[in-house]
Amino acid sequence: MKPVERARALARIFLVTAFGAAAFAMPASAQKQGGAITVGLELDIAGFDPLKVGVYDTAALTASSAIFDTLTYLDDKGEPQPKLALSWTHSEDFKTWTFKLRPGVKFHDGTPFNAEAYKANFDRQKDPANKCRCAFYISAVNDVQAPDELTLVVNLNDPAVNYPALVAYASQNNAVHSPTAWKAKGDDYNRNPVGTGPYILKSWTAGDRMILEKNPDYWDKDKVYFDRATLKPLPDAQSRFASLQSGEVDLIWDDEYDADNIQKAQKDPKLTVHTFAGSGAAVYAFNTKTPPLDDVRVRQALVMALDRKKWSQALNNGLARPASNPYGDGSWVKCKDDGALPEDVEKAKALIKEYGKPVEFKTLVTATPRGRANGQILQQFWKRVGANVEIEQVDQATIPPRAFMRQFQVTPWRIVDLADPDVQMYANFHTGSPVALANYSNPELDKLLQHARTTPDTGQRIEDYCAISRLINKEAIWFWTFQNTYYAIASAKVKGLPKMYSGVIDVSRAWKE
Amino acid sequence: MAFVARRLLYLVPVLIAVSVLTFVIASLLPGDLAYVILGDQATPENVAALRHDMGLDQPIWLRYFGWLGHILQGDFGRSFRTGQTVLQAMSERVPVSFELMILAELLGLAIGVPLAIACAAKSGSAFDRFMTGSAFAMLSVPSFLSAILLIYLFAVELRWLPATGYVPFSEDPLANLRFMVLPALTLALAEWPGIMRVLRSDMIAALQEDYIALAKAKGLKPSRILFVHALKPSSLTLVTITGINIGRLIGGAVIVETIFALPGIGRLLVGAIYNRDLIILQGVVLLVAAGFVIMNFIVDMLYAVLDPRIRHGHA
Numbered sequence: 000m001k002p003v004e005r006a007r008a009l010a011r012i013f014l015v016t017a018f019g020a021a022a023f024a025m026p027a028s029a030q031k032q033g034g035a036i037t038v039g040l041e042l043d044i045a046g047f048d049p050l051k052v053g054v055y056d057t058a059a060l061t062a063s064s065a066i067f068d069t070l071t072y073l074d075d076k077g078e079p080q081p082k083l084a085l086s087w088t089h090s091e092d093f094k095t096w097t098f099k100l101r102p103g104v105k106f107h108d109g110t111p112f113n114a115e116a117y118k119a120n121f122d123r124q125k126d127p128a129n130k131c132r133c134a135f136y137i138s139a140v141n142d143v144q145a146p147d148e149l150t151l152v153v154n155l156n157d158p159a160v161n162y163p164a165l166v167a168y169a170s171q172n173n174a175v176h177s178p179t180a181w182k183a184k185g186d187d188y189n190r191n192p193v194g195t196g197p198y199i200l201k202s203w204t205a206g207d208r209m210i211l212e213k214n215p216d217y218w219d220k221d222k223v224y225f226d227r228a229t230l231k232p233l234p235d236a237q238s239r240f241a242s243l244q245s246g247e248v249d250l251i252w253d254d255e256y257d258a259d260n261i262q263k264a265q266k267d268p269k270l271t272v273h274t275f276a277g278s279g280a281a282v283y284a285f286n287t288k289t290p291p292l293d294d295v296r297v298r299q300a301l302v303m304a305l306d307r308k309k310w311s312q313a314l315n316n317g318l319a320r321p322a323s324n325p326y327g328d329g330s331w332v333k334c335k336d337d338g339a340l341p342e343d344v345e346k347a348k349a350l351i352k353e354y355g356k357p358v359e360f361k362t363l364v365t366a367t368p369r370g371r372a373n374g375q376i377l378q379q380f381w382k383r384v385g386a387n388v389e390i391e392q393v394d395q396a397t398i399p400p401r402a403f404m405r406q407f408q409v410t411p412w413r414i415v416d417l418a419d420p421d422v423q424m425y426a427n428f429h430t431g432s433p434v435a436l437a438n439y440s441n442p443e444l445d446k447l448l449q450h451a452r453t454t455p456d457t458g459q460r461i462e463d464y465c466a467i468s469r470l471i472n473k474e475a476i477w478f479w480t481f482q483n484t485y486y487a488i489a490s491a492k493v494k495g496l497p498k499m500y501s502g503v504i505d506v507s508r509a510w511k512e
Numbered sequence: 000m001a002f003v004a005r006r007l008l009y010l011v012p013v014l015i016a017v018s019v020l021t022f023v024i025a026s027l028l029p030g031d032l033a034y035v036i037l038g039d040q041a042t043p044e045n046v047a048a049l050r051h052d053m054g055l056d057q058p059i060w061l062r063y064f065g066w067l068g069h070i071l072q073g074d075f076g077r078s079f080r081t082g083q084t085v086l087q088a089m090s091e092r093v094p095v096s097f098e099l100m101i102l103a104e105l106l107g108l109a110i111g112v113p114l115a116i117a118c119a120a121k122s123g124s125a126f127d128r129f130m131t132g133s134a135f136a137m138l139s140v141p142s143f144l145s146a147i148l149l150i151y152l153f154a155v156e157l158r159w160l161p162a163t164g165y166v167p168f169s170e171d172p173l174a175n176l177r178f179m180v181l182p183a184l185t186l187a188l189a190e191w192p193g194i195m196r197v198l199r200s201d202m203i204a205a206l207q208e209d210y211i212a213l214a215k216a217k218g219l220k221p222s223r224i225l226f227v228h229a230l231k232p233s234s235l236t237l238v239t240i241t242g243i244n245i246g247r248l249i250g251g252a253v254i255v256e257t258i259f260a261l262p263g264i265g266r267l268l269v270g271a272i273y274n275r276d277l278i279i280l281q282g283v284v285l286l287v288a289a290g291f292v293i294m295n296f297i298v299d300m301l302y303a304v305l306d307p308r309i310r311h312g313h314a
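Chains as they are written, first to last, in numbering that gives the first Met the number 0: chain A, 0 to 512; chain B, 0 to 314.
Same shape as in the complex, but just chain B (with noise of 0.2 Å):
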């Protein structure tokens, strides 16, 4: 318990110097919000009663603390644009993004995890070589343009698969996952060739400890030393994989929910970038870096879980 806490403790820190981060890149951003919002009336007159308005004329330091003040009383902002809270526009939008990164790590590890596990028991075979050469490959792969590619083929020619758009889940779960599938393959084509690599070179390495010789001194089938003896010591590596990834995935989601039309969180956030909706560009890293954040304290506890050494502190 005293883990957790001290774990929890570090988080403070990080959140705080990610919340004046945003704030500062956000208030870095070239182009006036007054001049935005007030578009062909921006006089200058009008410019600087809008900022004053807006507390823009204040120095940056007093702008954050007010911003954070806010924040820590629940209250993120409005967005300029469109009147909806920085909180209204994440609930909608967040439920897409999650499913979204749930179903491609989901089908990254489907991919990854036996391919690797294959890999690894005929290391060295031709098997081996071709899957380790189109990892590598599929990797340099931008998802932009599988993306296209998926679209053309699934949707296009064979028609099996809609193109763009998005149905929620608990209104039609079989549609949702319709519309899901070809953006999660996506971003879990990205996914794979990473979980495959890892997993397969520390199998490998598993295989050759002393134990694993013990295993099969003793007679075990070469399938439960694979499963059990090997794949266990290695899925530690898995959960660290799984947790980098979810930082990957969400740049991902970006440019997969653009172009795919998934009304999820990266498109929330180009739009703010686009219109200079600051509040809600503020509030929304702000909260996907915290969300960040504790994915990654998640990560830490299950370690913890599967390897007791680093509970105790002797890792």
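Bound-form chain A, shown alone (with noise of 0.2 Å):
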């Protein structure tokens, strides 16, 4: 490390330290200690092994959250903030993060939180014996290094600028489960989890309800409000509904296809509908080495034709909000010009025109309502400029392996909320990528992603985003349908739920009035 860039860590870290107490001393004015919240969410939890359930889904990382601590977390702003790490450091490539971590934190078993646990956390998770498929989402890191009792070395093999921001929330990898629990329970440790957290697991029927308690020796114990937290999976969207609006939660996990309830909900001053513009959005990926989708122009008519106004309403009384670019708005690569396509009928119609040839395919899409409802929503649009779209329904399971194994002409994808957009574009476009679904391959956007990837300097990925932005919708081998928005109805009286990054409902720091 150079002195220049060694004085740039030492300030970072003093900031980091210095925002991160004051992001904790926020006013403590009107939170009241005490009092029990309890959450209604829509799935069953599976459990938390990250080698039995391989991925938190929503209702597990709201549960995780509670019970586990994660090295960093991330303010209003989406800066990461310390949490089980104190500060941080990098090397001068971005492909060594040093963190020094919090002492004397414990488990809720007693053992003690340090260096070796984490690296024991991550080695788990890696081992190809454990063919966990957790392993996917730390591939970008190759090893783990605790030198002493609290220093972490973290080792990656791409660069990474904004690493600390992407361990931030409490999914499968990130959150730090006690080792002692785990080698002591076996199979059941799944469904006996034991993180450093804020709660502690007191008991949980299954499809029914979890119970979590206060850690009475949490090391930040003065910020957490409730004593006591029911995690409750209500899968039906009306009911779950009519259970906040009877009293008997307090809080629901929502999305916007239950738009009647989330509008009927703003207009309730007994509910708050809290909402998180995410990052990411909704996606089609166009096979483009299948034809006619081969053909450039007609990929462009084919989003030309779109009409993404149009499309929410009918989906969900218009409260999608349509997506120009992979980012979105809650991601803080903003552009100017992301190159989209306009939506324009008569171009699209003279450019199928001009191919020529009759324009037929086949679209993947699940087969729910939501699914189907997508699937005739874009038949009516593209049969508008000329193209023959038939639907095929598949299972929500069978899409991955339909994608991974090419065999699909156009699919349903997500690009979910993350801190930074690195990791998925760089997945999702960069050359030979197993998930670069659309079979496409250009130097020049391989380029802007490795720069992308490799440059600490903001503003210059900004550009570099934007560029690969205009590169993508020009070459129009994915489109960006509707933007990630989260959702979580309460009842007024609970304040102080943090942004709901990731869609990721924390309620482990909030109170009632």
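No lab work stands behind these hints, which were simulated from the structure alone.
In this text, all values refer to a predicted model and were calculated from it rather than measured experimentally.
Incorrect hints may have been included.
What the hints assert, rightly or not - Label pairs and their calculated CB-CB ranges:
1) A:361 - B:148: 35 to 45 Å
2) A:263 - B:159: 20 to 30 Å
3) B:5 - A:35: 51 to 61 Å
4) A:368 - B:227: 49 to 59 Å
5) A:269 - B:231: 47 to 57 Å
6) A:375 - B:294: 52 to 62 Å
7) B:239 - A:263: 17 to 27 Å
8) B:87 - A:404: 32 to 42 Å
9) B:152 - A:316: 19 to 29 Å
10) A:35 - B:87: 22 to 32 Å
11) A:265 - B:158: 37 to 47 Å
What the hints assert, rightly or not - From the derived model, a few chain B residues whose C-beta atoms are all more than 12 Å from chain A:
12) 117
13) 208
14) 249
15) 260
16) 261
17) 263
Positions of the beta carbon are idealized from the N, C-alpha and C atoms, including for glycine.
Starting from two chains that each stand alone, build the complex the way the hints lay out.
If you want it as structure tokens, here you go:
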């Protein structure tokens, strides 16, 4: 590390810790200690052992944010702040990150939290013998070292200029589990998770309720208000909302497909609708190796044929926010020109005419009411410009394998809300990546993606990502439909809910008025 | 006793057929389990390796016998997602669904039987025609609709009963019943019309029998004729319907448990299907089917108790 760089790094540590302390010392005016919260989630949580469940869904993430801690958390501006890590520095090439850990933290079972414990978590997920689905998400990390009790060194395969922001939410990879607990409990660990977090799992009846009680020894216990949090899976959207109205639950997970209830709640003074405009979008990928989608004019025409406003109206009363690039309003990547193609039926017709041959292909949709609705809407848009699309309904679980094997012409996909676009953009568009679904290769695009991931300067990265967006939009290899918006509806008395980054509803620092 | 043994013997081929069907249907579900487990890690090599580990590359009949062999030793397997064994998961959930079905059946009978008797006693009257019509209307209301209507009325508007949730009976019997009333009522609303219509026509037929005329001639009280002489022979029909209803109730429980967020078998099944948790799916379907078959066996036995002709093979 050069002296200048070191000085900068030190300044960074200072700033990070100072801001971190400031964020944790925010006004304590209305916060009230005590009480309890009941949360209605959509799904039954399968468990917490990454080896078993692979990926945490939205329901598991709410629970894991309460039971576990992560190295960092994101503040209101989306900047990483200290949690289990107190400070961090990076090597010049952004391939090595060193975290200084918080001393004196203990897991709920008394095991001390230290660099070894973190390393044990990582190694267990990474070990090929464990065949963890979760390993995919840490493929960018080569190894983790624990040179001393409170120093953690993360060695990346590729540079990541924003790594601390990527480990901020309590995902299957970021949540830190007690190594003693998983070793002692074996198969049963999955449903008996042990973390360092603000809440301890008290009891859990499958399919019914999970009761979490405040951790009396939590390192930040003054900022944890509820004595108890109860999480319930309420799979049906109508009865979930009814349970909120009748006061049986204080807060519910929701999504924009439940537009009626969200709009009803917006008008109800007793309820508050919490929304978060995340980065990323719902997208579709064209397989550019299959005719007629191998012709850029056809792909452009199909994108121009869309009318996202009408689509949103038809799907969920206009709640869905149209997307013109892969980043969305929630991202720090803001483009003056993202190169979005115009929604222009006439131009689209002309392009199809120019192509000259009949445009016929198939699109995959999920065999759900939403999937079918989307398929029919696409069919109508495309019919208008002279393209015939056949809808192939497949099961949700069938889409990833079909996509990975490139057995599709058009497939729905999603870019999820993450703190940095690099991980997904690189995977989705760099030549040779298994998720580069479009089967498209362009040296210029590869160069831009590489540059964006190795450049520390945010301004420069924004320029790179905007150039990437222009290129993808022009080539029309993927198209974006709607931005990610996350919803939680709560009793107006519930306060202190943080921004729902990555769609995570974190109630661990909320309180009731 | 020979009758019971003969009937029990019939169960064996039925259960074998059920196990084959369960296994084949679960195997035919689209979406390869290896892909589901591996997710984004599903490279062709990883998939092949996992399929081999799980024995998915073996022919289906070999897998079936492997599965059956374990089951005969009492090992139904473990969920790949939750790590729970099938028996653990079932034992947690059976009490909920069982209670729901019993309550729904009792409520269905409580509504259906008195109405049937009242209609039969005054058959052809305005009341009878109104009730028969209402029963027909009720039969056409799907349970997901009546569930939501009941929730809005009793939970959101009146706030008498909770909309969703569950408390085990052992923990707090009263609270348990409060949570169970609406789901059970939802199912019962679909049950009583069938009970009422069949029992009504059965009793009307019975009331025209000669022995009823004789009873009337002997000067027996009309109520005694109705409840003892007409209802008892018709109760055989009631037992049949109750037995058949159990199958329908299991189906209805899937929907009702989802809407009311009851942690029963229906929810377990739906979750297993969505997650391709085939071990749970096969195990639970097999156990539920076995339960259904056994319930019907018990119904058969009840016939014999109620009607001696069946017991002696003269029916």
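Checked hints:
| no. | hint | in the structure |
| --- | --- | --- |
| 1 | A:361 - B:148: 35 to 45 Å | holds, 41 Å |
| 2 | A:263 - B:159: 20 to 30 Å | holds, 22 Å |
| 3 | B:5 - A:35: 51 to 61 Å | holds, 58 Å |
| 4 | A:368 - B:227: 49 to 59 Å | holds, 53 Å |
| 5 | A:269 - B:231: 47 to 57 Å | holds, 55 Å |
| 6 | A:375 - B:294: 52 to 62 Å | violated, 43 Å |
| 7 | B:239 - A:263: 17 to 27 Å | violated, 46 Å |
| 8 | B:87 - A:404: 32 to 42 Å | holds, 36 Å |
| 9 | B:152 - A:316: 19 to 29 Å | holds, 26 Å |
| 10 | A:35 - B:87: 22 to 32 Å | holds, 29 Å |
| 11 | A:265 - B:158: 37 to 47 Å | violated, 23 Å |
| 12 | 117 | holds, 34 Å |
| 13 | 208 | holds, 48 Å |
| 14 | 249 | holds, 16 Å |
| 15 | 260 | violated, 5 Å |
| 16 | 261 | violated, 8 Å |
| 17 | 263 | violated, 8 Å |
Violation of the numbered hints given earlier is confined to hints 6, 7, 11, 15, 16, 17; the remaining hints are satisfied by the structure.
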